[in-house]
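The listed protein sequences correspond, in order, to chains A and B. Under this note's numbering, the very last position in the first sequence is 435; numbers go up by exactly one each time. Under this note's numbering, the very last position in the second sequence is 435; numbers go up by exactly one each time.
Incorrect hints may have been included.
Stated by the list, open to error - Straight-line C-alpha distance at most 30 Å; calculated DSSO-like pairs for lysine-lysine: (1) 424/B <-> 394/A; (2) 3/A <-> 106/A; (3) 75/A <-> 424/B.
Claimed, not checked - Residues from chain A shown here face chain B by an in silico Cβ test under 10 Å; the list is partial: (4) 74; (5) 355; (6) 395.
What the hints assert, rightly or not - A few chain A residues that face chain B, going by a derived Cβ cut-off under 7 Å, partial list only: (7) 28; (8) 194; (9) 348; (10) 384; (11) 387; (12) 391; (13) 398; (14) 416.
To be clear, the hints were calculated from the coordinates, so they are not data collected in a lab. Note that the structure is predicted; figures quoted are calculated from it, not measured. For glycine and all other residues, C-beta sits at the position ideal for the given N, C-alpha and C.
As a plain string of letters, each chain reads:
2 protein chains.
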Amino acid sequence: MKKYSTQMQAAKLGINTPQMQQVAAKEQVDIDWLREQVAQGSVVIPANIGHTSLSPEGVGCGLRTKINVNLGVSKDAFCYDAEMAKAQAAIRMGTAAIMDLSNYGKTHEFRQKLIQCSTAMIGTVPVYDALGFYEKELLEISAEEFLNVVEEHGKDGVDFVTIHAGINQHTAEVFERNPRLMNIVSRGGSLMYAWMRLNNRENPFYQYFDDLLQICRRYDLTLSLGDAMRPGGIHDSTDASQIQELLVLGELTKRAWAQDVQVMIEGPGHMSISDIAANVKLEKKLCHNAPFYVLGPLVTDIAPGYDHITGAIGGAIAAANGADFLCYVTPAEHLRLPTMEDMKEGIIAAKIAAHAADLAKGIKGAWEWDYRMSTARQELDWETMFNEAIDPIKARTYRESVQTEVEHSCSMCGKMCAIRTINKLRDGDQPGDSK
Amino acid sequence: MKKYSTQMQAAKLGINTPQMQQVAAKEQVDIDWLREQVAQGSVVIPANIGHTSLSPEGVGCGLRTKINVNLGVSKDAFCYDAEMAKAQAAIRMGTAAIMDLSNYGKTHEFRQKLIQCSTAMIGTVPVYDALGFYEKELLEISAEEFLNVVEEHGKDGVDFVTIHAGINQHTAEVFERNPRLMNIVSRGGSLMYAWMRLNNRENPFYQYFDDLLQICRRYDLTLSLGDAMRPGGIHDSTDASQIQELLVLGELTKRAWAQDVQVMIEGPGHMSISDIAANVKLEKKLCHNAPFYVLGPLVTDIAPGYDHITGAIGGAIAAANGADFLCYVTPAEHLRLPTMEDMKEGIIAAKIAAHAADLAKGIKGAWEWDYRMSTARQELDWETMFNEAIDPIKARTYRESVQTEVEHSCSMCGKMCAIRTINKLRDGDQPGDSK
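With the rest of the complex left out, here is chain A (with noise of 0.2 Å):
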């Protein structure tokens, strides 16, 4: 029999889960420490009990930074096949975690056979299902049926859920009170703010949040709070509805803790470079050093179409300066549904973004593989610089696109190459010659 129901309610207890051990192993962190981490809250390990093909992963402080690959049905793009095939290649290129975002059709099937096979956590946002589960306008949605939905995605294995609690009629006036350019973008705080104007009442994931955290506790439900009121555009960054909201999340943050329901942080969104590390300050401190899980941050508004780049600038420089969990953006951010192209796309960016934020950050691992990749480079040994590539395939169809004049060098320098140069100096060779 199990002495305990969630990951942190272990840590509290003294208890190292075989989760805790394997995050422990893949991380080269010490047990104890990471138990400590995951008992004080800043670092999660969603691991939902029924979700058994898990190779659980942590996110937080100290840790690797992870990414997250959001895919799924709309009505505009609902081949259940397509996304499958996504999620598996996603797996393969080294993501920690898959969202889940369907909205249209048999959503409740796709995620079972999803938590079936998949060794990355899957995360979910409940309200985006609500409204086909239901088979009801939006308003006509109970309390209760809302918190209903989570309780089913708690039991078909999923391992984290966005939950939008921080727009709570409070955040909502002060929103009224401070008019912003795009207002609200996020869609599930859109759905919350509709409902709560439209019914005239408390935002049900607020007003019942003791309810919710005991479906969360049950499953070991990780919850990843929502941010409703994140910025749409540069210009909306920072100002009082994001931050009051965050002072909302802050608070249910402890809340959920005294319950050991494990919590995740979410954040913008669209922000200038120079907004970025005061706002994960920000978040460390109003939410009591929680994992923080960034969306981007976009750092222009002007740039549909390469919005992968413009996501690992913002989502680098977050990661530097503390985040903890990126979701990926693809090139079709603001245009459309991800192909399986734009999602590679979007994996390899945020994957460049996490792996350099982890060489600022120190963290164990990161600068071997550089240290690797650069002893390759200066010994021209090619092989392993295409085996080092975070893209072998790429590196290796660029490199032999072109026939070079000169062994061991590329078209661009030929035997202009300074490693060559200055490896033919140390050998005492003149370095024009074409040996």
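Assemble chain B onto chain A, guided by the hints.
Below, chain B alone, put in the same frame as chain A:
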């Protein structure tokens, strides 16, 4: 009869040159403030007196972050027409500068043709050209001959030249006493070092720096003091060799300014995000606020094929911290000479980095662009979104590749589009319906 030789001399004499007037108008800054920056050296306006087709740009403190595109033929890829087509495309895409790094064949003819038709400023690295120009082995080229190549480039109308004068005997000794993983990865720097060691002589550009300044003064050729010791991998960043060279560049900067020669300082290279702010600060302090021109920096070594992204992350952070000029990096970096497509991807990534930094720096006109885009998004005005996009064709192609259920929305969210939900609520409609 013109009363001045260089923009800097004019600025010191209190003369507002036509070039200053054009730059002030482009940047929406006060002409007297701009002249003061040019006089102090914190802004350069590279404008060879012979480059009559130039539309001058300022580079430095308080101005928009500029980008540079490298092109030119090498022995493995020497189609002049292809390089000219790339130059024309780069100018259309808004690059402020093109560096012609040709190192094989008829460089002189190509360079002249390029300067004749280029509204962008043109930079070169004369030492690349010296081997072909004299048809001699490297060690047989004399100090005087190296200087003569610079004079030839000045005569041709080149606006700025990279000169590796900081790798003098002292820097070379520091390098030899402090082993690094990648040694010297600067092409020009490795040639100068090889020349110095094979001939057992001082770096000619350092030894005859005063003569070099007279050449620069004659044509108002801006010096871009190259960083021979730039790190070629994360491991070598901010080491003794690199900082020793920067100390030399700081002294050379003052000597150049005493002769009214404009100066930029070139910077790394590969470095962790955690090193970037300190590097910018060091350059600005040690080189007395001379504009900082960075190659990257690339924030990890492990992403060949995606170095436009590693460079965009580093460039955005460097520029947000005060770097003034970003040398673009393409997906071909470390692998091959860039194709037209590689170049375009590199330009877009560099433009995103520069603009994101300008938002952070609060540069005039930067915020307005994002404001227009966000306003169009809020109004679901797709035509304006396409027009304001950094790449209108890609944005339109993505959006229009999928048929959408709901007019004005996109296939990612369909009728769950947050903006649509809030707009409908505002207008008194039901968020859930398909209108």
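Taking the hints in turn, this is what the structure says about them:
no., hint, result
1, 424/B <-> 394/A, "violated (45 Å)"
2, 3/A <-> 106/A, "violated (36 Å)"
3, 75/A <-> 424/B, "holds (20 Å)"
4, 74, "holds (5 Å)"
5, 355, "holds (6 Å)"
6, 395, "holds (4 Å)"
7, 28, "violated (18 Å)"
8, 194, "holds (5 Å)"
9, 348, "holds (6 Å)"
10, 384, "violated (12 Å)"
11, 387, "violated (11 Å)"
12, 391, "holds (5 Å)"
13, 398, "holds (4 Å)"
14, 416, "holds (5 Å)"
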